[in-house]
Each structure stands twice: as structure tokens, then as C-alpha cells.
Amino acid sequence: MFQDHLLFPHLTATDNVAFGLRARGAGKTAARDVAATWLRRLDVAALADRRPREMSGGQAQRVAIARALAGEPALLLLDEPTAALDAAAAMSLRTALRDHLRALSAVTILVTHNALDALLLTDRLVVMDDGVVVQAGSPADVAAHPRTQHVASLVGLNLLRGTAVDGAVRLADGTEVVAAERLSGPAFAAFSPRSVSLFTERPSGSPRNAWPGRVTALTPHGDAIRVQIAAAVPLLADITPAAMATLRLAPGSTLWASVKATEVTVYPA
Amino acid sequence: MTTSGVVPPGRGSTLGGAPLRLTGPAVVALAFLGVPVVAVVLRAPWASLGERLTSSTAQEALRLSLTTTLLSTLLCLVFGVPLAWVLARADFRGRSAVRALVVLPLVLPPVVGGVALLLAFGRNGVLGRWLDAAFGVTVPFTPAAVVLAQTFVALPFLVISVEGALRASDERYDEAAATLGASRWLTFRRVTLPLAWPGIVSGAVLCWARALGEFGATITFAGSLPGTTRTLPPAIYVALQSEPDTAIALSLLLIVVSVTVLALLRERWLSGLSA
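In order, the protein sequence lines correspond to chains V and Y.
Going by the working numbering, the first sequence opens with residue 1, and the numbers climb by one from there.
Going by the working numbering, the second sequence opens with residue 1001, and the numbers climb by one from there.
Calculated from the structure, these hints are not laboratory results.
In this text, all values refer to a predicted model and were calculated from it rather than measured experimentally.
Backbone N, C-alpha and C fix where the C-beta goes; we use that ideal spot for every residue, glycine too.
Treat the hints with caution; some may be incorrect.
Said to hold, decoys possible - Label-pair ranges, simulated between beta-carbon atoms:
(1) V/Leu247 with Y/Thr1014: 42 to 50 angstroms
(2) V/Arg50 with Y/Thr1260: 28 to 36 angstroms
(3) Y/Gly1034 with V/Ala83: 40 to 48 angstroms
(4) V/Gly131 with Y/Phe1079: 45 to 53 angstroms
(5) Y/Trp1197 with V/Val107: 33 to 41 angstroms
(6) V/Val107 with Y/Val1103: 27 to 35 angstroms
(7) Y/Thr1014 with V/Arg50: 58 to 66 angstroms
(8) Y/Glu1175 with V/Gly131: 22 to 30 angstroms
(9) V/Met91 with Y/Gly1181: 44 to 52 angstroms
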């Protein structure tokens, strides 16, 4: 399957999907029946008689996927299947793809720059950075235990590396990240930007990880605000717009960032 | 303060009006092309037009022209489209030499083409001798020779326009078809050909028009035998000596055909743009 779908412009959706079946010797009626089934499965049955130029990008993408799947290939290469789609269309296509790929016996290789594609559509994930494999494993494992900053930023986690000593991970500069888990030796500490709380003054009470820092950037992130912080280590924090207003945050503001020990995952490096 | 910056109204631009030194020759050129055509229309024997066009000589030539040009256009399609495909899609050494050979009939004087065909397919020709000995087939001065002469001069028109259409259509559609399990032949029939269809149609129309007007190679290789090889152009040439009004009537007919072809191609071209 191609990134810009390459549906045959002179054929209707049905004939596009039936093409591969006909090429493999299926009769005209049989091929059209199977094509109709696949168009229905991808929720584009209504487009059966339309030509590609009469479809939106998302519709064409669905028809192209129906065409790729209809031939029941033994090996399927999906190249950026959700690229060039708006967020909603990409998400609904992703859901449809997940169901159909599961039902398909084909080995599927999915190439993507999209973390959601990679996490939702695969059984095994291989992360490449600059032409080198940096991490491989199940999507759940990669998402929970990133091993490089690149992977951590793809799955949206703060990742710190240091040495685990006695319930804490000591970073290179001496900062300690306290965690609930006990471990020893080289270790990673990972935590979600959502579990980072921000204060204008040093917090008192339970959080044992509290670091002073300065805001370097503020960007919208879903329905939250993602705050980039330069502390002893660079951190990301997701806060509500209301919290941002209360804290009067702006680039350059100084603040305290804290994470509860129970929110920090520690695993061997 | 000068007035040189004053822009004349209407189509004027900052460059000023078109100078007479250019518009003058342009008008002369236009008149040179237009006046002869208008002359044919003016001098056409309107009163006896129907009669002259339905005369047996005219009908004979007309019928022969139609059958031979349809056959030669068909030959051009059957052999020219694959040749265009090879030029556009296949990877081979000597492509430029092949293309040069394909366009040669465009610049070759048709008479020379006729002589060349005679030397190839004539009784003592390179291939003709063998055809004669093996099958007893003699080509020159038969309707078959007319078809060959027309095919020879018209083929480049078809090949060039189809090759252009093939180059313009995205080769990745061929690749997409291949990933779906289509053989190269199936891909050609179901994908390549339909995508290049507008180019093939306009190529065929051009090719037919060229075949219809073919004179030099035909008269050299096929002669001008009434009812056998005398197509419209030789018929016009012959009629001009004996019954000029018939020649003018037939000329008018060919002018009408040419203008129609031009209009069709333009339509084709415009609809191709808006598609």
C-alpha cells in the first residue's frame, strides 16, 4: 500500500478493490462480491461506484486499504497509512485497521512516524532513530519502558538515566529521583508529564521529588498545556489551562516541579 | 516630464503597444495561410458540388481513401502503441537511435519514402523478392501498397503522441498494479492503456488525418490507378488537369475534414485539461 494510495483514477472503488482479485484469476462477479464486502468492512460501501477523484483523502485511503487487504496477501507493507489524514479520520481508520489486520493471516510490516499507529496496530515494535534500531519489543513494553530520549519523547514520557541506590535513582549531576521500587545498578526512571505537579514555591508535604526550574516553552497538547522545564534535568509537565492561569506561567517563569515517588517507574538500564 | 510612460487603454501594458515591424509580418503570415483556404471556398463550384462529389470518380477515390486510411490507422495502432510503450517504459540501449528512426518519416520527403518502400517491398526489393518467391505476393501498385505508404508516413504521429501520453501518466500506477499481482500485460491492458487513452485517441486522429492527405509516397509506391490506388489526393491532382471544378470540390471536402479534426483535437485537449 502506498502513502498517497495510488488508486487507479479510471476505475470505480469497486473495480479498484476487485483489481487484485481479477489479476489473480477471480471471475468478474466473484471479484466484485468480495470487493463489496471489503468496502463494507472499511465503511466505504457508499463509495462503490465513485472514482478516486470524487473521494476525500480519508475515503481514498480506506478504499486503498480495502484494495490491499482484499487480495489476502501473505505479506503486507503499510507505508504511513494514516499520514495526510486529519486527527479524527486517522483515529477511526486506525481502529478499523486494527480489527482487520488482526483478522488477516498476513505478516504486516507497518512503517510510520506516528506513535499511535505504532502502539495500536503492532504486535512487535522496532524503533529506529537515525537509521539504527534503538529499541524493540511489544508496544506495551516500549511504551512503559523507553530506553532512549527519542523513544521516551515518542511515547510521551520523561526519561532520566542514573544509578539505582536504595529506593532512588541518582543522576549524573547528583540529583536523586525517589521511587517506590527498589533496584540497584544502572537504571532508568520514567514518569508521565501528567504526574508532574508545578508550584510557585517549594512544595511542602508528601512529594519527595521536588526540583526548582524555569519554563522554557508552553505548547497546547490535547486539552492540556505542555510545559517544558529546564531544571537539574529537562522535564515535561502537562497541566490544565486553569492551572497555567493560576500559576501565571510564561516562558522564563521560575517554579518548582514535583513528582510523587509512586508515579516513578524504575527499570534496569 | 515625458509622455512615454502613458499606457494606452485596452490591452496596453507597461511594454507599450505591439510594434508595426512585428504585427506587419504577422498579418502577412496569417494572410498567406488563410487566403488559399478562402480561395478554395470562394472558387468552389457550389451549384454542382453535390453532383461532383457523388460522381463515380469522386466516390471511387473517396471510398478507397476511407478504407485505406482506416486500415493504415489500425495498423499504426496495432504496431505503434506497443512501439510507443517500448520507448516510454522499457529500458534499453540505443533508445535515441530508435526514436530517431521513428521520427524520420516526419522529415523525409514522402517521395523518398515511396522510393524506399519500393526498394523494400518492390518485386526486386529486399523483402518483396522473398514475398514474391514464397507467396507470389506483389505489393507495389496495389491497395495494400497504398496502406503501407500511408502507414509509413503516419506512424510517427501516433507513436509520438502515445509516447507522450504514456510518459505523462504516472508509472507508479503500473507499480501499484504489480503489487496487486497483475502481470505486465494485464497492467498494460487494464491500467496503462486506459490512462493513456486520450493521448491514443488524439494520436489516432492525427495519424488518420496524415494518412488521408498522403500523396508522395503513395504515388511513388502505389501509383494512381483509378479504383485501385487512386485515393483522394492523387484524384485531386489528376482532376485538376481535366476537370478543375471536381478537384476544387474534393479539396473543399478535405479542408472540411481537416478543420473538423482540428476542432475535435482541440476539444479533446481542452477536456483533457479540465479533467
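To see whether the hints hold, each was checked on the structure:
1. V/Leu247 with Y/Thr1014: 42 to 50 angstroms: violated, 60 angstroms
2. V/Arg50 with Y/Thr1260: 28 to 36 angstroms: holds, 35 angstroms
3. Y/Gly1034 with V/Ala83: 40 to 48 angstroms: Since the Cβ atoms of Y/Gly1034 and V/Ala83 sit about 56 angstroms apart, the hinted range of 40 to 48 angstroms is violated.
4. V/Gly131 with Y/Phe1079: 45 to 53 angstroms: Between V/Gly131 and Y/Phe1079, where Cβ atoms are some 49 angstroms apart, the hint holds.
5. Y/Trp1197 with V/Val107: 33 to 41 angstroms: Given a distance of about 38 angstroms, which is inside 33 to 41 angstroms, the answer is holds.
6. V/Val107 with Y/Val1103: 27 to 35 angstroms: With Cβ atoms ~49 angstroms apart, the hint is violated.
7. Y/Thr1014 with V/Arg50: 58 to 66 angstroms: violated, 48 angstroms
8. Y/Glu1175 with V/Gly131: 22 to 30 angstroms: With Cβ atoms ~25 angstroms apart, the hint holds.
9. V/Met91 with Y/Gly1181: 44 to 52 angstroms: Given a distance of about 31 angstroms, which is not inside 44 to 52 angstroms, the answer is violated.
The structure fails to meet hints 1, 3, 6, 7 and 9 from the earlier list, while all remaining hints are met.
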